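For reference, the chains in residue letters:
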Amino acid sequence: MSSPTSEDSAPQTAGIVERLVRDDVDRKRFLKMAGGAGAASFGAFVLAACGSSTKTASTAAVQAATTSTASASATGDVAILNYALTLEYLEREFYAKVVASGLFKGQVGSLIKEFGSQEATHVEALKGAVSKMGGTPAANPNGKFPITSATQVAGLAYTVENLGASAYLGQAGNIQSPEVLATALAIHSVEARHASTLGTLVKKSLTPDGAFAKPADMSMVLAAIKPFLA
Amino acid sequence: MSTHISTDAAQTGLANPELANVEVSGLTRSSFILRGAMAAGAVYGLGAVTPFVSQALAETGGGDVEILNFALTLEYLESDFYNVKGKEIGLKGAAKSYASMFGEQEADHVEAITTTIKSLGGEPVAKPTFVIPASSQSSFLALASVLENTGVSAYNGAAPSIQSKQVLAAAGSIVQIEARHAAAINLLLSKSPTPSGGFDVPLTKAQVLTKVKPLIKA
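Respectively, the protein sequence lines represent chains A and B. Quick note on my numbering: the first sequence kicks off at 91 and runs consecutively. Quick note on my numbering: the second sequence kicks off at 396 and runs consecutively.
It should be emphasised that the hints constitute simulated quantities derived from the structure, not laboratory data. Model, not experiment: these values are computed from the prediction. One or more hints might be untrue.
Stated by the list, open to error - Calculated cross-link-like contacts (lysine to aspartate or glutamate; reagent style EDC-like; alpha-carbon spacing at most 20 Å):
id, chain 1, residue 1, chain 2, residue 2
1, B, 612, B, 483
2, B, 522, B, 461
3, B, 560, A, 307
4, B, 522, B, 499
5, A, 294, B, 499
6, B, 600, B, 461
Input sequences plus hints: build the corresponding full structure.
Structure below.
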């Protein structure tokens with residue numbers, strides 16, 4: 091196949107993370123170097139708002155997911171797209187500020203940069219989708235994010251990505267257009283990939299909800315992001 | 396233009412029966428998803444998603460039970476892969492703990508989908524016999540990457556055809572877990588956790604079948 095460059099660069103990006111995952115010494119050094127702070131209080135807030143995330147097998151969890159999805163307010167595809175767009179704007183800005191902070195160097199830094207640029211592609215895709223449906227894309231909100239140490243930032247990124255994944259999941263059942271649904275799903279699983287990757291970095295669960303991811307409805311997500319709106 | 400290129404990249408990658416050759420060819424074989432990804436990752440905007448969206452929508456619906464039974468087959472495969480093959484091989488380190496955790500979750504998916512099919516009045520398909528071409532930790536992980544990433548694409552491809560909101564919610568809840576598994580396995584292999592860039596590529600049932608058929612013993 092053509093253009094081997096993309097394929098070549100990917101493994102290098104992930105290399106350091108893999109080492110952090112596999113090598114306890116490396117990971118401890120990374121966390122130490124990063125400073126002890128631990129996850130931001132935001133994480134605790136989100137967990138409280140979402141209820142406990144116990145790992146439950148099979149149908150009970152799916153049932154819970156279903157109920158929560160169905161209870162989310164259905165306000166039309168354009169509104170849902172603009173809601174997603176708002177979250178993506180914030181994620182994009184968050185990563186841009188993290189990159190600018192220089193807290194992450196080398197290959198973890200490249201990974202963070204890569205995630206940030208993917209959030210930027212989500213912004214563009216969602217803006218395009220809103221316009222295509224005859225809507226007006228939501229304005230870019232001004233965000234404010236606590237950026238103090240690598241550990242704190244990685245923890246916050248983990249929380250934000252998990253929230254993003256559950257926000258998309260929470261809207262799946264409300265979307266009317268199959269095209270919009272396919273787009274949302276294509277983004278949803280990428281947010282999940284980000285969350286899992288960050289989980290390996292901060293040594294937290296890759297699957298905090300267990301075998302069945304839980305959705306979050308719009309009001310919960312909007313409450314959770316409030317502290318990050320300037 | 397960009398749309399055209401994306402489609403070509405995805406199609407070309409899909410033409411190869413990767414799974415049959417994983418053992419032989421090692422890690423590079425599973426890069427099929429990367430190929431489709433390059434186009435998407437490089438291009439901004441809706442144009443990047445459109446080809447994949449139309450691919451997802453090309454799925455011909457045989458109803459929710461049929462979609463669920465297809466998903467059940469994939470989950471049987473993943474469950475056996477981790478819970479049977481994973482134990483056979485004698486994995487070490489992170490591979491071992493991932494296989495144990497992921498295996499449990501895939502078994503939960505099997506159980507949940509089986510129950511859902513029954514609740515819809517359908518009949519869950521029987522578990523096929525699988526032939527899993529992995530005999531070492533590295534070939535196991537390479538195959539895990541293919542299975543998990545294919546799983547993500549399979550769910551994302553089928554989801555827009557699902558009629559019931561409940562079934563859609565369940566599928567969404569499961570695909571998110573497959574994506575988390577896929578990213579973690581890819582990281583272990585020093586591969587990108589987001590091999591398709593910003594947008595995961597959906598696959599049709601036929602495309603998924605082409606990939607998994609070599610592992611299903613009649």
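**Prompt:** Which earlier hints turn out false for this structure, listed by number in ascending order?
**Reply:** none
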